[in-house]
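A.B. asks: Chains as they are written, first to last, in numbering that gives the first Met the number 0: chain A, 0 to 445; chain B, 0 to 445.
If you are wondering where the hints come from, they were derived from the structure by calculation, not from laboratory data. Wrong hints could be hidden among the right ones.
Treat identical chains as interchangeable: a pair holds within one or across any two.
Simulated crosslink set (DSSO-like; lysine-lysine; CA at most 27 Å straight-line) [stated by the list, open to error]:
#, residue 1, residue 2
1, Lys77, Lys126
2, Lys195, Lys252
3, Lys400, Lys252
4, Lys249, Lys3
5, Lys252, Lys77
6, Lys92, Lys131
7, Lys77, Lys92
8, Lys131, Lys252
There are 2 protein chains.
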Amino acid sequence: MSNKIKRFFLPESEIPTQWYNIQADMVNKPLPPLNPATKEVLKPEDLFPIFAEELCRQEFDQTHRWIDIPEEVRDMYKYYRSTPLVRAYGLEKALGTPAHIYFKNESVSPMGSHKLNSAIPQAYYCKQEGVKNVTTETGAGQWGASLAYAAKLFGLEAAVYQVKISYEQKPYRRSIMQTFGAQVTASPSMSTRAGKDILTATPSHQGSLGTAISEAIELATTTPNCKYTLGSVLSHVTLHQTVIGLEAEKQMKMAGEYPDIVIACFGGGSNFGGMSFPFLRHNILEGKKTRFIAAEPASCPKLTKGEFRYDFGDEAGYTPLLPMFTLGHKFTPANIHAGGLRYHGAGVIVSQLLKDKLIEAVDIQQIEAFNAGVIFARAEGIIPAPESCHAIAATINEANKCKETGEEKVILFNLSGHGLIDMSAYDNYFAGNLVNYSYEPGENAK
Amino acid sequence: MSNKIKRFFLPESEIPTQWYNIQADMVNKPLPPLNPATKEVLKPEDLFPIFAEELCRQEFDQTHRWIDIPEEVRDMYKYYRSTPLVRAYGLEKALGTPAHIYFKNESVSPMGSHKLNSAIPQAYYCKQEGVKNVTTETGAGQWGASLAYAAKLFGLEAAVYQVKISYEQKPYRRSIMQTFGAQVTASPSMSTRAGKDILTATPSHQGSLGTAISEAIELATTTPNCKYTLGSVLSHVTLHQTVIGLEAEKQMKMAGEYPDIVIACFGGGSNFGGMSFPFLRHNILEGKKTRFIAAEPASCPKLTKGEFRYDFGDEAGYTPLLPMFTLGHKFTPANIHAGGLRYHGAGVIVSQLLKDKLIEAVDIQQIEAFNAGVIFARAEGIIPAPESCHAIAATINEANKCKETGEEKVILFNLSGHGLIDMSAYDNYFAGNLVNYSYEPGENAK
């Protein structure tokens, strides 16, 4: 590869100045969120008590294709953006595939994942609107760490509910949040009504994103001058994450290629949407034929085995009713190490796109994900987050198909985060202690 | 800062093609290493049984200013180089200093530190010479992880002796090494004579780099087709690390500035030398007046309180006698969290330069180091390694002097690694459990 470029960076002047709002280009718009009590269609101002107002407007915006990124947010993006687009020569060689594999390396963000892309604007808009405190949930802790840092940047206090199983599996992530001054509580906790109800019913409950969301919303709505923030699922979060795909689009041009397949792991959809939507717009507007594959865990398969219907975004039912692919808001996912993918539903945009067959989904077993992660680590030198391992597994599957057919397809995936805080998961993998979990709908599914 | 550039990258075509060998430019060359038994001056071939031959030649080379970087090594450098040069606008603001602070961010290497810069060529030369197995020591594990990965890249087996206190403090680093297929043993161990002797004399011995080096050398010299590799101290390791300073020199030009002060933390000297020597050559050759400050831990102060004399590089006395600033090869450093700085001596080049007053040294207490690390983390978003915290503390001291005098000095420091695997140290810091250690020479000093 000596004369070939491995990593592509954009100059700071080329970092996107606008996010891409795919809602403006969708033929079938997402169905509206509903008030659970009245079943009335919600408007942005109905969410003002929970989120910063500008975020509510972004959430409902179906007309503006481009949303300006505030200058203060772009200044903070410069701390780590552009992230590199990398040609995975090492992985290609390890697989013996003719495919050209690229990945966008979001793991170089100082917090270790793409989550900072939305944490910064969410904290910024809160600050602009005079908010003093922010709350949130976090699974593996990537989002919580990012919000903790963003809150510190803008002088806000942050309280984070971390899913209990992750709080215990990944103590360093808690330490990182605390280094940035955030208060971290294991969820379910006895500090909220939602938490108390869950613990009373199931004292050994290990937590889930849906539960932690309930607790964080409850804290936000019962605390003066406090707003809730969310790390995925919602349309405004995915909007912010489009900075990934917009950069990747420019960087793929630098590499002289265009992706045949775009792959990302899938929890609530912001990582997948952030990478995919800027490319998907060329399918919608210009008839390109790129395939978009969401890689979800086999034990939490809302896209491949869920139902499309209205459901709550959280366990306690505090959120509006959202039109989503869902396993049911009371579904408790298995204790896989990919804590960021342990969520019962999919964001409304992605759900509509899947319904319209504009995107695809595959499910990946836990052990297959780690197999892929270790192949990648040894080939590219980066230990991937358990979440990202799902995208790598799907990538390897597609690359191996190319090996069979001889096709030189261009595959682009998002390396959403590194796994340096997840080494106990790798220890378990090497010790043969990881298990696969089947999906069993059971009575909690509804 | 909106129109100002924060991070400077080099295109891959500008990554250095040669390392800089300062020995060629030194007026007073380092004194030669001696055979401990005969006191005769050693030649490169005397070290062939221990190290790859090309590394031995590099070690003794006092004539060639520039040493070509092999193409295969440059290909591997492309996986993470250039690393960014960053203008620390956040830190400047937090300190209220008129100084212009820059840092070279070596923490973005996939192994989390600068160590990979030498691990790759060391593994490469071993492979070229038909070696099958490599051994090494590691403290905090940054070097061991880098060697483990580099060995995997070139198809070598790696055995790593990790200082016991770090093995216990930083279990994730062990997991990382194992992910890359290395065998990791806590040192002192019962697997070598050197280890047995130490454990017999001091059963509770917590290990030191000097002890782990003895064990690794012993394994290398008693195993067929096996070479030893070292992560710092030696001149060839520092040579490889000059890629840092050479890149920084080009990047500072992009920023339109030249450093008045260059700062790096100091364990054995390769990080400090790698950053400093390319700039120091302009002092030597062109009369520039840049200051070079090595930041060492107050509990292990070989530069500020050691003696310049011949001493062994390891605890058991397996190495040649080296002319170095030393606390005595039997000195056991206190259990500070900056495991990579727990070494009794300084490399021969740095020792000569310090003797000739071409560089300076300061000692930093553990708590001062973490104070600085937290200020930096909250200002720049990157949690620094405990080792790097020493460089940051020295940087803050110089920046605060500028605040008093109003001088706009340009300060450049090396962020040698991130602290994501060292979060237990930060936990201890926030819990108030960290202590400062005084240096007490005692009877072990000789």
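A.B. asks: Between Lys252 and Lys77, at a C-alpha cutoff of 27 Å, which is it: within one copy, between copies, both, or neither?
C.D. replies: both (21 Å within a copy, 20 Å between copies)
A.B. asks: With identical chains, the pair Lys77 and Lys126 could be close in the same copy or across copies; at 27 Å between alpha carbons, which is it: within, between, both, or neither?
C.D. replies: within (19 Å within a copy, 40 Å between copies)
A.B. asks: Are the CA atoms of Lys249 and Lys3 at most 27 Å apart within a copy, between copies, both, or neither?
C.D. replies: both (18 Å within a copy, 22 Å between copies)
A.B. asks: Can you give me the call for Lys92 and Lys131, within, between, both or neither, at a CA distance of at most 27 Å?
C.D. replies: between (51 Å within a copy, 22 Å between copies)
A.B. asks: With identical chains treated as interchangeable, where does the CA-CA distance between Lys400 and Lys252 reach 27 Å or less: within a copy, between copies, both, or neither?
C.D. replies: within (25 Å within a copy, 47 Å between copies)
A.B. asks: First find the shortest C-alpha distance between Lys195 and Lys252 inside one copy, then the shortest across copies, and answer within, between, both or neither for a cut-off of 27 Å.
C.D. replies: neither (53 Å within a copy, 59 Å between copies)
A.B. asks: Reference check for the pair Lys131 and Lys252, CA-CA at most 27 Å: within, between, both, or neither?
C.D. replies: Result: close neither inside a copy nor across copies, 42 Å intra and 42 Å inter.
A.B. asks: Cα distance capped at 27 Å. Does Lys77 pair with Lys92 within a copy, between copies, both, or neither?
C.D. replies: between (33 Å within a copy, 16 Å between copies)
Comparing the model with each earlier hint shows violations of hints 2 and 8; every other hint is respected.
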